[in-house]
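Position chain B relative to chain A; hints supplied.
Now for the letters of each chain:
Number of protein chains: 2
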Amino acid sequence: MVYNFNAGPGILPPEVMEEAARAVLDFNGSGLSILEVGHREAPFVAVMEETRSLIKELLQLESNREVLLLQGGATMQFMQVPMNLLATNQTAAYTDTGTWSAKAIKEAKVFGAVDVVASTKEIGYTSMPASVTCSDTSAYLHITTNETIAGTQWQNIPYQSRVPLVADMSSDIFSRALDFNRFGLIYAGAQKNAGAAGATLVVVNPDILGKTDRNIPSILDYRLHIKEGSMLNTPPVFAVYVVLLTMRWLKKQGGIAAMEKRNQEKSDLLYQTIESIPLFHLPVSKESRSKMNVVFTFKDPSLEASFSQQCKEAGIVGIKGHRSVGGYRVSLYNALPLSHLEVLIQLMRDFAQRNG
Amino acid sequence: MVYNFNAGPGILPPEVMEEAARAVLDFNGSGLSILEVGHREAPFVAVMEETRSLIKELLQLESNREVLLLQGGATMQFMQVPMNLLATNQTAAYTDTGTWSAKAIKEAKVFGAVDVVASTKEIGYTSMPASVTCSDTSAYLHITTNETIAGTQWQNIPYQSRVPLVADMSSDIFSRALDFNRFGLIYAGAQKNAGAAGATLVVVNPDILGKTDRNIPSILDYRLHIKEGSMLNTPPVFAVYVVLLTMRWLKKQGGIAAMEKRNQEKSDLLYQTIESIPLFHLPVSKESRSKMNVVFTFKDPSLEASFSQQCKEAGIVGIKGHRSVGGYRVSLYNALPLSHLEVLIQLMRDFAQRNG
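Residue numbers (the numbering used here), protein chains in the order written: chain A, 1 to 356; chain B, 357 to 712.
Some clues are possibly wrong.
[To be verified] Only pairs whose alpha carbons sit at most 20 Å apart, straight line, appear in this in silico SDA-like list of lysine to any residue:
1) Lys567/B to Asp96/A
2) Lys261/A to Pro278/A
3) Lys251/A to Ala177/A
4) Lys103/A to Met587/B
5) Lys676/B to Glu41/A
6) Lys567/B to Arg421/B
7) Lys103/A to Lys459/B
8) Lys462/B to Arg223/A
9) Lys617/B to Pro693/B
10) Lys465/B to Asp213/A
11) Lys252/A to Ile226/A
12) Lys655/B to Gln628/B
13) Lys412/B to Arg538/B
14) Lys676/B to Ile630/B
15) Lys668/B to Gly29/A
16) Lys459/B to Pro13/A
17) Lys103/A to Gly585/B
By construction, these hints were calculated from the structure, which means they are not laboratory data.
Chain A with its partners taken away, still in its complex shape (with noise of 0.2 Å):
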């Protein structure tokens, strides 16, 4: 047995595995695989409008927001992002929160002026900024709900910017409730909460679309996308029957606010025993806390290698921290099941007793 804890690619549902695994040897009896059947033909749209709806269902979103499903990951919205929605002559206001906000910042820097208005940069991204005001000329207010390599996560949106909000979820979308609507654009890579690497999940209200003079290619014009319903060339046909498979997976377990529930014990019952464990120090701030990637290291990191190679012998894999935080992150997406995290604890508590 494996228990998979990895910050993305992450785990899966077991059923969406091998319901995938069917469909690449026959895609719903058609005696094909769904890597060859063509993506105009009536079998292939439904899969990709029943996934827009089922997104749209999922998120409880209003009837003009379009649903999309791209490709490039969240790297690509990082420029396709500003090279939408900022004119040359417009400041975007920018929260800078860890690696991957960082990252958009710099891309946006290419398309117009940058406005960080708020930054958790001195004290190393260990949390998340207490408040943002931006100013109401700002071609949008974006942050990053949650930092997957920090391990830090939004838990007051700010939603009362003026301006659109415009949100990477990459890491947490589907995870908890929020006020999706209230989103002016939310982009997410699929390899985490919504299915396999290869399709990016955008989420735009068309209102905040068309308003910069900008030429923009056709295959980055979310114009474009919505007008072809998601069609406007090839999409990465197999990635999005995975978001549909993993979709239909998520309503099935009740939906958004199932999962919400259960990812609050998961990462309660973590958080709760690396704080009982004295070996365990937890870098991230108590309100900022991801329920999503929980980021903690040994106070003595001569332990380190031992613990590594004990869960390494229990089957726990991509528990390893990201080079620039180090130490561990554990990934607690929605597909993992209590039973997984608890091998894990269970090691913990038994090595902090040997160690101890």
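Then chain B, alone, in the frame of chain A:
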């Protein structure tokens, strides 16, 4: 039995599908699905490296050539090529040979001037240009080696230009031996001869990069992808793996030379059959006929309904012509066995006999 003549996504070898399905359940005996493995972990890094190196070997590329696996399809390359190669005050030479080259031209105009140095638009894109000359001051010369919709293919590649030759090879890469080292840049969506939708192949001579002053967003900068070994961000893991499986299959079959021989046989057989049946019409001029996408129509369109119905009953799929051309289009990609084509040919002959 289903006979798949789809124009793309198209047929893949059964071994590729079987191995891909196995990896969705358990990747390399790791106990994890390929959909949930970390892309920076050794097993996937090895996949990426083997894929790039096999492509280099199969295309017989010189050592300085770089192979990238990106996202977004050829449509992304339509803009990424000029963004990287065409300065605002420069002109790029393009050949206008069909729907796909016309799209490439449209996107290039976002970045600089375009000089259409040859066009077959006036004759309905029914042939490739007899010759091409372009100014030595052009940033590059762009061709579409095979027009999937029109059913035309460059038989004599215009290697002689003194500027970098850039080619969209989406629908004929790996199908015939070309001097791939004489191209400055080659791009191809994977979903015909190279794998499944979701990965895009780019082969580039790095010497031609870095010559515009443009500030290029990271995700669109070939130089950064080269620097990061095609892992600038999370790659489309599964789609890359399917490319690897397809390349391994291709090598086992005898590489491009073996494919070219088979594709010649298949296309000869089909064109000869069509020519021998007076019911059919071949719109493409003989010297430009594609060996990948064979386009034909009925002289009497009223026969189409009955022919289509009989094909459907025989399990023949994907032969409907593109709406802009009408009639039929039979795609003969590498993975299509001669035996599948023979089923179609027998049906065509029987149909002709009953309706001749």
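Numbers of unmet hints, in rising order: When the structure is compared with the hints, numbers 1, 2, 7, 11, 16 turn out to be violated.
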